[in-house]
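Peer 1: These are the residues of each chain, in order.
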Amino acid sequence: MQNGPDPALPLLEVRGISKSFGAVRALREVDFTLRAGEIHALLGENGAGKSTLIKVVTGVFPRDAGIVRIGGEEIAPRSAKAAVAAGIATVYQEVNLLPNLSVAQNLFLDRQPMRFGVVREGEMRHRAKALLADFGLDIDVAAPLGNYSVAIQHVTAIARAVDLSARVLILDEPTASLDRHEVEILFGIMRQLAKRSIGIVFVSHFLDQVYEISDRITVLRNGRLVGERETASLPRLELIRMMLGRELAETTNERAAAREHKTREICASFENYGKAGYVAPFNLELRRGEVVGLAGLLGSGRTETARLVFGAERADGGKARVEGAPVRLQSPRDGVRHGFGYCPEERKTEGIVAELTVRENIALALQAKRGLHRPLSRREQDEIARRYVKMLDIRPPDAERPVGLLSGGNQQKVLLARWLATSPRLLVLDEPTRGIDVGAHAEIIRLIRELCDDGLSLLVISSELDEIVTYSDRVVVLRDRAHVEELAGEAVDVGNILAAIAADSVAVALEAHT
Amino acid sequence: MTALLPRRGLAQILALIVILAVDRVVSPQFFDLRLQDGRLFGSLIDVLNRGTPVALLSLGMVLVIATRGIDLSVGAVMAIAGAIAASLADTHSLAVVLAAALGAGLICGLWNGFLVAVLGMQPIVATLILMVAGRGIAQLITEGRIVTFSSPGLVWLGNGAILGVPVPVAIALGMLILTGAVVRGSALGLLIEATGGNARASELAGVGTRAMILSVYVWCGVCAALAGVIAAADIMGADANNAGLWLELDAILAVVIGGTSLFGGRFSLVLAVLGALIIQTMNTGILLSGYPPEFNLLVKAVVVLTVLLLQSPKLTGFAGIAARLRRTKA
Numbered sequence: 001m002q003n004g005p006d007p008a009l010p011l012l013e014v015r016g017i018s019k020s021f022g023a024v025r026a027l028r029e030v031d032f033t034l035r036a037g038e039i040h041a042l043l044g045e046n047g048a049g050k051s052t053l054i055k056v057v058t059g060v061f062p063r064d065a066g067i068v069r070i071g072g073e074e075i076a077p078r079s080a081k082a083a084v085a086a087g088i089a090t091v092y093q094e095v096n097l098l099p100n101l102s103v104a105q106n107l108f109l110d111r112q113p114m115r116f117g118v119v120r121e122g123e124m125r126h127r128a129k130a131l132l133a134d135f136g137l138d139i140d141v142a143a144p145l146g147n148y149s150v151a152i153q154h155v156t157a158i159a160r161a162v163d164l165s166a167r168v169l170i171l172d173e174p175t176a177s178l179d180r181h182e183v184e185i186l187f188g189i190m191r192q193l194a195k196r197s198i199g200i201v202f203v204s205h206f207l208d209q210v211y212e213i214s215d216r217i218t219v220l221r222n223g224r225l226v227g228e229r230e231t232a233s234l235p236r237l238e239l240i241r242m243m244l245g246r247e248l249a250e251t252t253n254e255r256a257a258a259r260e261h262k263t264r265e266i267c268a269s270f271e272n273y274g275k276a277g278y279v280a281p282f283n284l285e286l287r288r289g290e291v292v293g294l295a296g297l298l299g300s301g302r303t304e305t306a307r308l309v310f311g312a313e314r315a316d317g318g319k320a321r322v323e324g325a326p327v328r329l330q331s332p333r334d335g336v337r338h339g340f341g342y343c344p345e346e347r348k349t350e351g352i353v354a355e356l357t358v359r360e361n362i363a364l365a366l367q368a369k370r371g372l373h374r375p376l377s378r379r380e381q382d383e384i385a386r387r388y389v390k391m392l393d394i395r396p397p398d399a400e401r402p403v404g405l406l407s408g409g410n411q412q413k414v415l416l417a418r419w420l421a422t423s424p425r426l427l428v429l430d431e432p433t434r435g436i437d438v439g440a441h442a443e444i445i446r447l448i449r450e451l452c453d454d455g456l457s458l459l460v461i462s463s464e465l466d467e468i469v470t471y472s473d474r475v476v477v478l479r480d481r482a483h484v485e486e487l488a489g490e491a492v493d494v495g496n497i498l499a500a501i502a503a504d505s506v507a508v509a510l511e512a513h514t
Numbered sequence: 001m002t003a004l005l006p007r008r009g010l011a012q013i014l015a016l017i018v019i020l021a022v023d024r025v026v027s028p029q030f031f032d033l034r035l036q037d038g039r040l041f042g043s044l045i046d047v048l049n050r051g052t053p054v055a056l057l058s059l060g061m062v063l064v065i066a067t068r069g070i071d072l073s074v075g076a077v078m079a080i081a082g083a084i085a086a087s088l089a090d091t092h093s094l095a096v097v098l099a100a101a102l103g104a105g106l107i108c109g110l111w112n113g114f115l116v117a118v119l120g121m122q123p124i125v126a127t128l129i130l131m132v133a134g135r136g137i138a139q140l141i142t143e144g145r146i147v148t149f150s151s152p153g154l155v156w157l158g159n160g161a162i163l164g165v166p167v168p169v170a171i172a173l174g175m176l177i178l179t180g181a182v183v184r185g186s187a188l189g190l191l192i193e194a195t196g197g198n199a200r201a202s203e204l205a206g207v208g209t210r211a212m213i214l215s216v217y218v219w220c221g222v223c224a225a226l227a228g229v230i231a232a233a234d235i236m237g238a239d240a241n242n243a244g245l246w247l248e249l250d251a252i253l254a255v256v257i258g259g260t261s262l263f264g265g266r267f268s269l270v271l272a273v274l275g276a277l278i279i280q281t282m283n284t285g286i287l288l289s290g291y292p293p294e295f296n297l298l299v300k301a302v303v304v305l306t307v308l309l310l311q312s313p314k315l316t317g318f319a320g321i322a323a324r325l326r327r328t329k330a
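Residue numbers (the working numbering), protein chains in the order written: chain A, 1 to 514; chain B, 1 to 330.
Just so you know, the hints here were simulated from the structure itself, not pulled from any lab data. Each residue gets a CB set at the ideal place from its N, CA and C atoms; glycine is no exception. There could be a bad hint or two in this list.
Claimed, not checked - Sample of chain A residues lacking proximity to chain B, with all beta carbon distances greater than 12 Å (derived):
(1) 307
(2) 402
(3) 422
As the list claims (entries may be wrong) - Derived SDA-like pairs (lysine to any residue); straight-line CA-CA distance at most 20 Å:
(4) 369/A to 165/B
(5) 348/A to 211/B
(6) 195/A to 178/A
(7) 369/A to 186/B
(8) 129/A to 100/A
(9) 348/A to 199/B
(10) 369/A to 211/B
Use the sequences and the hints to build the structure in full.
Peer 2: Below, the structure written as structure tokens:
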């Protein structure tokens, strides 16, 4: 409370913001408070609502409810430009400046110093030079921005934003593509700006950096505000719990009665499987009728593991076996041929073919598996579509509707149907319940359990720890692109997973496990 | 899908009827047909005959566009195939001539497909290379001259008749049926539409998207070569400078008029060919009307705009919703 210069009046005040996209509620009555001169980390997993909140505040999306005040004055920006005028500047991960224009032109785009209708290049360069000098940058401002490193492009974007009289600076994953040294430079600039009473919102999934730079932390989860804390008084374990889990007591009770743990046949196994710079070599055994959960923070290597297992990405070392026989997984086609299926997290860009019908989307993988010369007749397609629309309760039950018109939950079911139609032995599900309304959410979890009772082997990624604990027989925990822990049986609970995720608590987790 | 033609093709069929009606007004003998020397003559036959090259091109182009690609080189491929056919016509058998010309088209298609599917180049740039280079290759083959020939077999391909139907028309019809049978008779149609609709998703579903893309460019090259042979046979000579010139644009136009989106996905072979016929009906109508052919371009633009407006979701959206509601009630 004492770290802002004017504690009575927050710089940016967001109250009760809600935003829905169709049936999906992306934000529910979220509050957020930013003080002048503070660096405030906004944290949460994918789909927690961070970007939606930023986009609502900066006028990219209209909001459904709630108010935004800046310096005590209510604002309702209708466009990004209006937000900038109100003093809110945003720098995104992909710097949206123009790489082919010079640094000076980028800095003064849309407001070039003019005389008699002609841009005063000399004056512009002079001012650009002076502006960047404030940020400790001495570069040739006449050179194209694209010639410089991402870090300098970021600093240029920040300089431009601040020079546009920003009082609030939002940095969305600014460090994602920077090396350690560049991060230091950026942090130096952030601290300097904070001293000038600018409020900075820092979005990142690098927790080390959050602890290094931020004064306070706000955590969102599933579109709701989980809490706002002082960074100094928030232990890392507690922070991860806020990001991933509900109350511990609540979740442990939810866990289904422990399944029998007789040794089942191995469906697929991976030995020293990995890819340099992608995910460190891991050992993984997937048994029939078993659900293995992959837990970890965003960017920990969960999706990367899934893609390697399916064959969407090529491993550069290690062995893969299907039912004991060595196999090569070079492409998704290989994965499909060996009876694997993969529902990616990015449903719209990597899952559905929006324009095609439910029937065609369901038939796609089976058809690809059968090959060109053995087309599924229209009658067979109709039959398959009818069966799965009924079995998974896809709504509306119209197999001829373009799948892009369905809700997220039903699209997910169509993708499940696509793979079930191929009679797979292993299904890899990446965030199967992401962006799905509550009813469909429970249904998909029920389906996961049923499928595994039928002898299917499942590898499931989820950032919802209570969810993963509910259906997993074993949980593999990942951190920094490596498998760091495997929990089985009684050891599968939210507390152990959290302990394994939090870097400094590995010892505790091991102790609990053995 | 061909089965959905009546509903999906309504705009195109209406457009064709309107243009035919206008042609009839401009030229009262437009619908007259007469049989002479075992071959049908008349403006309608003329439309079909003249429309053959673009119809053939559109058969390949529609598949390429369905994968979200484009092939700008088809005009140049026509010139190459025509030049090869003309150069060999008087010294080799018809089978050899056809094999050489179509083989060249196949190689051109493989080249385009390789650049797009394997090297991942943007289709418009990749095929621009052959569009420019191809005409040069054709000129090298003809050594810059107009090569004429008198081989009766090849001349028959351009000017003969089967049961009164001009041979080019019969070939185009045959190719339409063949392409339809291959594409819709196998799983190719679905997999091409999936690839064009969402290549990444299709690949993750196990579709061999590279093979799909490669094969449509190959087929496009073969169709273009066939069009080139027919165009050369028609004038009994090969003019490397002008054969197939700008026809790639007519072919793209035919596909777009046929309702296939340049963003890939759903396609219709029949409607693409119908699009080619719409274009040719306009061309012939303007020629018959006695207006200078320059008007052709303007009229074409107006017709294209009209067809696209008729297809635009914003215009047809309300009608479409109404129709859907009626269907679900019934």
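Peer 1: None of the hints should be skipped; say for each whether it holds.
Peer 2: Tested hints:
1. 307: At roughly 9 Å from the nearest Cβ of chain B, residue 307/A sits no farther out than 12 Å, so the non-interface label is violated.
2. 402: Violated, since 10 Å does not exceed 12 Å.
3. 422: violated (8 Å)
4. 369/A to 165/B: violated (43 Å)
5. 348/A to 211/B: Measuring from Cα to Cα gives roughly 23 Å; hence the hint is violated.
6. 195/A to 178/A: Not OK: residue 195/A and residue 178/A at ~23 Å, beyond 20 Å, violated.
7. 369/A to 186/B: Holds, at roughly 14 Å.
8. 129/A to 100/A: Since the Cα atoms of residue 129/A and residue 100/A sit roughly 18 Å apart, the hinted pair holds (cutoff 20 Å).
9. 348/A to 199/B: holds (12 Å)
10. 369/A to 211/B: Within the cut-off at roughly 14 Å; holds.
Comparing the model with each numbered hint stated earlier shows that hints 1, 2, 3, 4, 5, 6 do not hold.
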